[in-house]
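As a plain string of letters, each chain reads:
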Amino acid sequence: MSAAGRVSEARAGWAMSSPALAAIILFFVLPAIASLALSFTDFDIYALADIGNLRFVGFQNYERLIGNPLFWKAVTNTLLFVGFGVPFIVALSLFAAMLVNSRWLKWRPVWRVALFAPYVTTLVATAVVWRYLLHTRYGLVNYLLSLFGIAPIDWLGDPHASLPAILIFVGWKTFGYNMIIFLAALQTVPRELDEAARIDGAGWFTRLRHVILPAIAPTVLLVSVLTVAGMFQLFAEPYVMTQGGPAQSTVTILYFMYEEGFKWWNLGSGAAVAFLLFLCILAVTLVQLRLAKRSGAI
Amino acid sequence: MSLRRWSVTLLTAFVALLTIAPLLWMLSVSFMARGEASAFPPPLLPSDPSLDNYRMLFGSFGIGRFLLNSLLISTLATVLALLFTIPAGYAFAKLRFKGRDATFRLLVAALVVPGQIGMLPLFLELKAMGLVNSYAGALVPWLAGIFGIFLVRQYCLAIPDEMLEAARIDGASEAQILRRIVLPILTPIIVTLALFVFLGSWNDFMWPLIILADQDLYTLPVALAAMSRQHVQDNELMMAGAVITTLPVLILFLALQRFYLTGLLSGSVKG
Chain A
11 MSAAGRVSEA RAGWAMSSPA LAAIILFFVL PAIASLALSF TDFDIYALAD
61 IGNLRFVGFQ NYERLIGNPL FWKAVTNTLL FVGFGVPFIV ALSLFAAMLV
111 NSRWLKWRPV WRVALFAPYV TTLVATAVVW RYLLHTRYGL VNYLLSLFGI
161 APIDWLGDPH ASLPAILIFV GWKTFGYNMI IFLAALQTVP RELDEAARID
211 GAGWFTRLRH VILPAIAPTV LLVSVLTVAG MFQLFAEPYV MTQGGPAQST
261 VTILYFMYEE GFKWWNLGSG AAVAFLLFLC ILAVTLVQLR LAKRSGAI
Chain B
159 MSLRRWSVTL LTAFVALLTI APLLWMLSVS FMARGEASAF PPPLLPSDPS
209 LDNYRMLFGS FGIGRFLLNS LLISTLATVL ALLFTIPAGY AFAKLRFKGR
259 DATFRLLVAA LVVPGQIGML PLFLELKAMG LVNSYAGALV PWLAGIFGIF
309 LVRQYCLAIP DEMLEAARID GASEAQILRR IVLPILTPII VTLALFVFLG
359 SWNDFMWPLI ILADQDLYTL PVALAAMSRQ HVQDNELMMA GAVITTLPVL
409 ILFLALQRFY LTGLLSGSVK G
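Protein chains in written order, with my numbering: chain A, 11 to 308; chain B, 159 to 429.
Okay, chain A solo, but in the shape it has when bound (with noise of 0.2 Å):
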């Protein structure tokens, strides 16, 4: 090619991917970075009515939060809730994985549809939902239970019972969408060896445990670490189904951020609080990686 064309062509590479890129670093890059800059402040109703009340305030903010029980309450339950979920949700959706793969399945497109369709449904609207489907006196969960002769259940209103709602609504939710991975990575895992195994006389456990989890590792990793992505991110759910109760038992980080930054206008703490998010998240998939690498999965 000439070299007026290569230059037309750089100048074209350029004017094409700029408006995205500025729109890129003013509204993701900037912001994120300005986050542990106004962590550092004590950036409040204050300063939002007269930028003139902003102070530096090194780690303060960072000290107090440290010092603020309901800051480990909102830690701690996001920590269950990851260590809680993240095993219930993978193991659900590679169940759900499994079924419609298998062979013997019949009108295989319409399940996979039906078992992805909540992941498209507004979270706001099923939260809603779900929070009737838990009544304690008139839902559908505790009808269900009492079938099995179980005891109604304070779903939304006991402290110990709170989390695994949550948990359940979450599942129901999201497990669709890992389901969608697993179903590809499994596609791929050779028949002829799972074939090999069962002849062999291997039982399903058996062969899920030594033909199919290890040919699909990678695939497994990656789920968790985008559900683990998801755990940290729980807002909507506890804001529609409990705000945050009964006794602070389904506070998640976000949801302290929320308050902190919107509800209290402390917007300078708030911000360290999305920092130690990210420093958690980012420490979580790091390990995970690591002990991915040290299995050999990657």
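Just so you know, these hints were derived from the structure itself, not from any lab. Ideal Cβ positions, reconstructed from N, Cα and C, are used throughout, including at glycine.
Pair by pair, the computed Cβ-Cβ distance ranges are:
#1 A:Phe-69 x B:Leu-264: 23 to 31 Å
#2 A:Ser-18 x B:Asp-372: 44 to 52 Å
#3 B:Leu-169 x A:Phe-69: 51 to 59 Å
Derived coverage of chain B by chain A (criterion: at least 3 residues anywhere in the stretch with Cβ under 8 Å from a Cβ of chain A; other residues may be distant):
#4 243-252
#5 256-269
#6 329-339
#7 357-365
#8 407-414
Knowing the structure of chain A, use the given hints to seat chain B on it.
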């Protein structure tokens, strides 16, 4: 063999029914009379189906306004996101310019940073720009769609270079090549991306909750959350509100699910 076939299919059908049961129940209760759903055991079907709840939502609650807001914001978000991401994705795949690969690597790395991290400074930034409490403020995050660029680039990589070179030799400008040659090839992925952005912006909650203060500007999810806090007892009314909020996107997904599910795979599973 046939027994196994039926047992797997039956089990799957049962799991699928369990999965969509909450949505069917939402629809059913929305047609019930006031207070009818507050009974034990919970009624599955309305005894005397009526549209009263919907009439009330559109009449005294003015939900039509929120529906229009949601439609407007999601449509604009989709159009703008496509305008921003398609040329960028194409440029990163096919146009050679200095710093291209380094810039793209930075973008991919930025995918791990959740958008909520910068929400408070973004709010302050938009306040300084006078965009708080406006449709424009609600649209802003959708312009910066790194995932969209990534998706478009993946598809553009498959376009043969010879095709573009031939057009260049014929004297076509880069903009003409994008419009006349690349866009028609990209149609499936454009539909997919449009669907992603439309569903994403329709279902989004946290950002519109933060940036929209006037009730007149509320999107459906924000309005529904506010309503459900005030009308905790009105099951039937809230179910009708949930139907109005969720049904449009569910239908859109069902109509275009082929695109959506393929797009999901090309975006998340690498190699």
